[in-house]
Structure formats: structure tokens, C-alpha cells
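Asker: Letter by letter, the chains look like this.
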Amino acid sequence: MNVIIGLEIHCQLSTKTKLFCGCSTDYRDEGPNTHVCPVCLGLPGAMPRLNRGTVDYALRVAKALNLTVLDESVFSRKNYFYPDLPKGYQITMYDKPLAERGWLEIEADDGTPKRIGITRIHLEEDPGRLVHKTGRDRAGYSLIDYNRSGIPLIEIVTDPDLRSPKEARRFLNKLRATLEYLSVFDGEREGAIRVDANISLEGHNRVECKNISSYKGVEKALTFEITRQKNLIRRGVHIVRETRHFQEGRGITTSSRSKEEENDYRYFPEPDLLPLRVADWVEGIVLPELPDARRERFLRQYDISENHARTLTGDIRIAEFYEAVALAGAQLAATWVADTLLGELAYRSMQIDRIPADHFANLITLLTEGRITDRAGVEVLRHLLDACREGREPEMPVDIVARENLGKAEGDEFADIVASVVRANPDAVADYVSGKEGALNFLVGMAMKETRGRADPKDLNRRIRTHIEEERG
Amino acid sequence: MAGTFTFDAPDRWNAFLYRQETVRYGDGALQGLPVAIKDNISTAGLPTTCGSRILEGYVPPYDAHVVTLLKAAGAGIVGKTNMDEFGMGTTTENSAYGPTANPADPGRVPGGSSGGSAAAVAGGLVPAALGSDTGGSIRCPAAFCGIVGLKPTYSRVSRYGLIAYSNTLEQIGPLAATVSDVSRVMAVIAGHDRRDSTSADRPYTHTPSAEIRGTRVGVPAEFFGEGVDDAVGERVRDAIAVLEHLGAEIVPCTMPSMAFALAAYYVTCTSEASSNLARFDGVRYGPAVDTKKQWHAAFRELRGDRFGKEVQRRIMLGTFALSAGYYGKYYAKAQVARKAVRDDFTRVLSDVDVIAGPTMPTTAWRLGEKSDPLSMYLSDILTVPANLAGVPAISVPCGTINGLPAGLQIIGRHFEDEQVVDVAYAYEQEVLR
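Protein chains in written order, with this note's numbering: chain A, 706 to 1178; chain B, 6 to 438.
The hints are all genuine.
Below are the DMTMM-like pairs computed for lysine to aspartate or glutamate, each with C-alpha atoms no more than 25 Å apart in a straight line:
#1 K925(A) <-> D814(A)
#2 K338(B) <-> D800(A)
#3 K879(A) <-> E994(A)
#4 K871(A) <-> D814(A)
#5 K314(B) <-> D969(A)
#6 K344(B) <-> D800(A)
#7 K344(B) <-> E777(A)
#8 K338(B) <-> E777(A)
Just the calculated beta-carbon pair ranges, DEER-fashion:
#9 Q317(B) <-> G989(A): 49 to 55 Å
#10 T817(A) <-> Y331(B): 44 to 50 Å
#11 L992(A) <-> G62(B): 51 to 57 Å
#12 M706(A) <-> D295(B): 53 to 59 Å
To list a few chain A residues with every Cβ distance to chain B over 12 Å, as calculated:
#13 D776
#14 T817
#15 G956
#16 P993
#17 R1080
#18 D1091
#19 G1150
For the record, the hints were derived by calculation from the structure and aren't laboratory data.
Cβ coordinates follow ideal geometry from the N, Cα and C atoms, glycine included.
Could you build all of it, start to finish, from the sequences and the hints given here?
Answerer: So this is what it looks like as C-alpha cells:
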């Protein structure tokens, strides 16, 4: 049964000021209702004034996603009552959006490139934020923070071109990467992206899942929905066309047929704003290098694998970091960033921008010059990451190697270890002598453990053999 | 020189909702001039209720652009004047704080919705006041009270801080006893304001001139049609004869679009109002309601309790007109009709310089006399066309009928407020002489 998925994605644009007033958008770590004014509080008599920068940001997105900008775009009012909506309506675009008909290329489930159609994009204002409190000794209550009110959002609507939850996830990742390359979006910001997903199984009704606020959540919600809908169809139950809410914590969707959902938004043109005519601006926009172009360049310039190139360009921060360390050895750096560093960072829930590139480059240099083993390299990296995470001044890898004595074995440093391992495991030695090669691997493993990974396993292997042969004389 | 004055004249007409006893003023073109402000124009630190209980106790933290300009010109803001709730009315009887009486006859309405501002001027409490005009709300009370009121060209005066009723129709404008004073205040409040995206960079620096020789004055037949009181028509024709005597050329004309102007007007203003007034949900303004109900039930209860009948009626009409399936039939259609009105004005005003006619079809009626909303709406027929077209219009007193004032309305081309002021001034100077 074919799965048909379309997404409506709301992204906060990272402009300095809000969509219709001069309030700063940077309210992280600030008290509630500190970034507000008569306009974003919707005070009686206040009027919206369009921030030119937000239009510029949105047009960059339109161009990067290959959309056609309309000759005339019109802000409309979407009327509905909700306590976080200070004016009783949201200013958005309705029948005349900013741009229409574009596409973004992703990799389909079978690995081939695939264009996902973009139906339209438009600008709108974010409402405030409700904080629900429940007290033990009193009834629950809600507080409203209007710092978020008026933050510019861009809504991106896709055609129903996605065929699986994984594709949807890949689309979102690619979209996020593209928006970040354009410097119009900060995906790390809490609530920066919110997704509504429309999903149907071919020949059946469409269901809308609202309220998904993470990339992982989209995949989860869609996977849940497919299972739920398939089960209903199997039992011969009709799929109802409805809106469902995704419960992030429980990983399920629930029907939301409450009265508030059945809105007639009574759209009409916002009378306090003039129609927007910005199609001419698009020509003047110069796009930066986008993820696909950067990946191609990485392949050419650094001669790295397709997989590494994709991983390294999938996030602008990683790409920038890689380019900052690639001089120390492009291929080794690619492996170490893509295969090792990212995993270690994820394990620690750390961002790559916390790692000083010169330190990491130094580590790559030590590896390139063969002064430490891979295993010692990992240990050095962990020292480095832990220092960064704990806010300590990180040491240069070369100093960590010296202090922790992690340098590759030189001379007879390991002679004692080899001798004691051979002495302590006479059975294994006997097995080896009688022709069991596997026993030698055991001995090498024991010795590696003793050297805390500083030794080259091949070198140990040679030393142990030589030692045993010398003993047998 | 900047200073203060005391404002304690007795208000026998309930013109004011809020007054300051000690009024500060500054230096400038209007230095020391006491000005009253309609209660739908935001004043920092002074209550602003739009004549509604839903905004009881609301004190704006900011000044409307026009108030900033008045203060900068040295005027003293004496207080806030009564009005039909949110501007919805023609008599000022729809105020939650009681009606205002007409100083010309305290048993009669002062007109509306800027009735408090007009009564404050006509009663001699202040030399000038600000009103707002959505469908005649400055000109109607000016005519009923026997003073001068100007509705400027749409976009010529910033609406920033004017609590919106119908954004595409309304304009702030001055009311005063004389054309000169109206013009003086207009010179201060007009001009571009970047906070109002619809505002135009067309300042007003005019000094009225009584020289109107050769001015072509169009007189549309529809302005003297059904529903227009004979005596009022007669006074206005006399006034037009005065203009002719002063050298103006009188040109009969027609404005067929008047037939659907009222319908277009009421669909537009109620639709916009239904959205504008949505923010009054009891969460931020007005006394809190102690309720244990869910959001939506609480909103409904509060709005049913705090909005007056006329406001509720217009919210419901507008909500209906914007509903899915009806938008095209009502709001969109009203905009088409509106364009026809605009085109009618453009056509007529390409041949003549101004249009003249009565401001109101009748003189002021008795308090409580009209209770049927429809007959009340019909009395706006001569004022709403100028709002639909966005053109400037002034009302200047043209005599009385049984002691009740009648108003001559002069309507001009877009951004030619100066021209309507001049014609009104010429008339005023001639009859005063």
C-alpha cells in the first residue's frame, strides 16, 4: 500500500527583530514578557509595520527552493480566539502567498535523487506562548509569555511527494541544512521548527497530524500513523478524515475533535498593511553555496568518500569545522570528524561549535604523522571533549599525549609488558606453539590492554612471537 | 512658554468621559490650546475606553501619533470625550457611560459617534477637539451641534493609536468652532508616520483662503433625494447660492453609486470590526472575570456581558459576512461596490473641483427618539460615500431650522483637503460678515 505524505513546516526566521515591530527576537534566557511593545502585544490602536529584513530572508528561501515569487503578495488576517493570540487573529498570507511552485532534491529510499515539490511559502507571525501550571494546593492555571509573539515564521508547504517516514525525515534534514546554509534559520533554537504532516494510504482518507516539534517526532508520528491506519484498514474500518495531535512524550497521535479545531478562520486582507510587491528583489539575491554544491566540492577538493561528503555537508557547522581542520590531512580528518567525533559529541549531547578546531587539527596531525595509534587518538579526543564539556581550558592534543604517556611505543618500552604477558599465560603460549594462531591474538589483546592502547597491535604481535621463539631458544 | 492651566468648566452635556484638572502644555504652534480627544484615540496615562465597558480601566502605555504631535505643538490635552461605543453609532447614545446632550438643545442628540468632541466644542468647553470619522462620525456631530468638522483624505493623518473600528474607512480629524481653527489643528496632525503603513507623506501647511472665484462646485441630485428633509435641503441650497454669489460655478451632477453606498459601507465596517474587536477577550483589558470556565466559554460570557447591543450586532453581522461561503457574496462584493463609489467620485471630480450637499439628511433628533437600527443607518447615507472613496470632506454650519443647526458638506479630491477647507472658509466668512 502506497504511503502519501505532505508536510507543512513552520520555521522561525532568525532575523534580529520581529516581523511587525522593532522588538528583539533574542529572548533566550530572558524573563517572560520582556521583549514586547504595543505592536506585538496587540494593544488597541497599535499597527503592524513590516520588517524589510524578514522579506529578504524569506526571498532567499524562495530562491534556494526554486520557487516563483508572486508579483503581489497579500497579508491576511486569520481570525480565531486563543489566549496566546493577542489580537484575536494572526497576520499571515492566504490566497496570495510570497512564492509558489518550487522543489528541493533529496535522496529517495532507494538511494536515487528525488525532487520534492514545494507548493508554496509564506510569511506569518508567531503567537505568544502559553505556560500551563498545575499546583498541588490550587487549581491549574496558565501564564502567557508574549516574547515569542510576532517572531517571523516562514511556512513551507510541500506537495504530497514523500513516500515514507524516512523520506520525510530526510526532507526535513535537508531543508534544515539548506535554511542554515542560507543563514536565515537556527535549528538549535527551541521551537524553531514546527511541523504538521498530512498522511494517507493510497485510496484512503487523509489525516493531518499537528503539533510535531522535532525532526525525530515527524518520523515517529508518521510511523505510528501508518501502523494505526493499516490496522484499521485490515479490520475493514473506514479511515476518518480528521486532525490528530502528536503526543511527543508517548510517541502516538490522538484524535482532536474538540470544538476549537472546527474553525472558520474568516480570512480577509489585513487592512493595515499594503500589498507586497517584491518579485523584483529576487534577482538581486546572491545565494551562498548550498549543501549539494558543497558536497560536490568536497568530493573534488578533498577526495573523500561519497558518504563522508554527505555527512560532512549535512550541517553547516560540521562543514565549516571540517574545512577548518582538513589542512591537517583531508582524508584522515574526514574519517575522524564523520565517524568518530560526531558519535562522541552525540554521546555527550554536545555541539560541534564547542570544539576548538586548532586542537582537533593537532590531533589529526599526530595521527597523520603516526605518532599515536588510532586507539590513543580516541583517548586524546575524549580528554579534549571532556575538558570542553566541563568548561575547562582544553590542552593541545600533543600535550595530552605527553602528560598521559599515550605516544606510540618506542624502543623497549613494552619489553616488560610482553615478558609478563607471556609469563602469565603459559596455556595460551603452549596453544600457540602447538599451532593455534588464535592463541596469539589472545596474547596480543592482553598486551594491548596493559599498554592502554598506546602500542601498535602489529608491533606487539611481532614482539610476542619473537619473545616466545627466543624463550624456546 | 510652556506651563499649566486649570480645566474645570462644568460639563453639562456629559461630553467628557475623563478630564484632567491641571493640564500641561508646551511651546509651539498650538501653545496652550486646550484640546479634547475622542476616547478611541490612545493617550498615555489617560484612560481610553472607546465608550465601552470592555475597556473600563484601560490606560494605554503610549500616545497615538496625533497626540504626540499635538503635545509637541504645545497643545494641552484636557481629557477624553464621549462617543458611541467603538464609534458604532450616529448619536453618541451607544456609549456605555450614558449619552451626550446637544448644547444647541439638551433634549437632543449631538450626533455621533464623535458626539462628545462636538458637544465639548459647541458648549464652549474647548476651542478644538479630535474626532474620528468612519462613516460620518466627525461631520455628523459637527452638523448637529453647529460647528466645523473635517474628515481628512484617507492616509493623510496617521491612525497609529486610533483604536480600530474599520481600518480602511476611518480617519482622525479636527472639530472646532471655525474653519480656521480646524485648519490650524489639521496642520499639526497631518503628515507621514512610519508606524502607519497606509499613511501618506502629504503634510498640510495651508492657511485658509476665501477666494473661490471660478471654483466648480458639483451638486449631485442624490444628495437632495428621498429621506432628505426639505428644510435641510433648502438651507443647503441657500448655502450653495452663497458660494455661487462668491464666484463659484455651480454644476448639477449625479452619483448613481450612492444607491449601494450604504450597503457597501455596512458590510465593510462590520466585517473589519468583527476582527478588530476580537482582541477584547478579557485576558488583557477590563476588570477580570472570576470564572472557572474554559477559555472559549469565558470569552463568550465576557464579551456578551461587556459589549453593548449595537457592538454585538455589528460583530455578528461582520462575522457572518466574512464566513466561509459568504465572503464572496458580501465582503468581496462590497469592495467592488466601493470601487464603483470611488470611480463615481473620480469621474465627477474630474469635471468639478468639489461636491456640495447636506452633511445630514435631517437636524438632530430627540434623545431616545430613534430605536430602530436600520433607520439610524439610513441617516449616514450622505456621509459614508466620502469614506468609501477616501476623499476629504468638511461640514460647516449653514444656518438653523427651528433653532437646530444644519451642516453644509463640501467633498474634494484626494489630498485636496486644502480645497474643501477654502470653500468652507469662504462660505463661513461670507455668512459671518
